[in-house]
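Participant: Given next are the chains, with one letter for each unit.
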Amino acid sequence: GENVEQHPSTLSVQEGDSAVIKCTYSDSASNYFPWYKQELGKGPQLIIDIRSNVGEKKDQRIAVTLNKTAKHFSLHITETQPEDSAVYFCAASPSYNQGGKLIFGQGTELSVKP
Amino acid sequence: DTEVTQTPKHLVMGMTNKKSLKCEQHMGHRAMYWYKQKAKKPPELMFVYSYEKLSINESVPSRFSPECPNSSLLNLHLHALQPEDSALYLCASSQAGPWANEKLFFGSGTQLSVL
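Going down the list, the protein sequences come from chains A and B.
Sequential numbering from 1 applies to the first sequence in the numbering used here.
Sequential numbering from 1001 applies to the second sequence in the numbering used here.
Quick caveat, the hints were computed from the structure, so don't treat them as lab data.
Owing to the predicted nature of the structure, the values given are computational and were not obtained by experimental measurement.
Be a bit skeptical, because a hint or two may be false.
Subject to a maximum C-alpha distance of 30 Å in a straight line, what follows is the list of computed DSSO-like cross-link-like pairs (lysine-lysine) [said to hold, decoys possible]:
(1) A/Lys-42 - B/Lys-1038
(2) A/Lys-68 - B/Lys-1019
(3) A/Lys-57 - B/Lys-1022
(4) B/Lys-1036 - B/Lys-1103
(5) A/Lys-22 - B/Lys-1038
(6) A/Lys-57 - A/Lys-42
(7) A/Lys-113 - B/Lys-1019
(8) B/Lys-1022 - A/Lys-68
(9) A/Lys-57 - B/Lys-1019
(10) B/Lys-1038 - A/Lys-37
(11) A/Lys-113 - B/Lys-1022
(12) A/Lys-22 - B/Lys-1103
(13) A/Lys-58 - B/Lys-1019
(14) A/Lys-57 - A/Lys-101
(15) A/Lys-22 - A/Lys-68
(16) A/Lys-71 - A/Lys-101
(17) A/Lys-58 - B/Lys-1022
(18) A/Lys-37 - B/Lys-1103
(19) B/Lys-1019 - B/Lys-1040
So, partial list: chain A residues that the calculated Cβ filter (under 8 Å) puts toward chain B [stated by the list, open to error]:
(20) Ala-29
(21) Leu-40
(22) Gly-43
Just so it is clear, CB atoms sit at the ideal spot from N, CA and C, and this is done for glycine as well.
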């Protein structure tokens, strides 16, 4: 089955710097890669997702890149702000005939210092 | 309305109690999920309902019993829980089933403590 590894487990940056979180997946059949942000006391919220037919996707200060050959994808946050501080989870999902279940990485705790 | 609402937010129960967690969404989503999340860990899938039918049970112990009364509501009935069942229980919904790779919308969860 699918396995997703996420690095780093903790990341501390200064406000205004960029932050990068990386994930690798094992199942080449995976074709959907969402990123979730979880603030303290809240449930995970989808911030961006990418499908396997796309190499990069941007939404304002957030971007995700996907390298299908290497089986890794990354989250890039530019001009970080204190409100970006949260735990970020990457995930991968195989196609229907492979079960289609979302598999999460272990999470990255991002701290943005003012 | 893009919210998934969970009640209660906090629950403390003894090992002999029976309690229920409730989840509601009004986005017209046809798939609803229960996840369990331990502190500093990712969510773990427990159950999936698709079109009000149980489609995935991740070998969850029978002391957890899900119920989907209609397409907007999802319950999780708890009985004879163990202290290790203490966790954040998250409900989620998506437009179609898990195989459709649709976006998941999560509620804020119920923080459960079993004494």
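Participant: Checking each numbered hint in turn, tell me which of them this model violates, lowest number first.
Facilitator: 2, 3, 7, 8, 9, 11, 13, 17, 20 and 21
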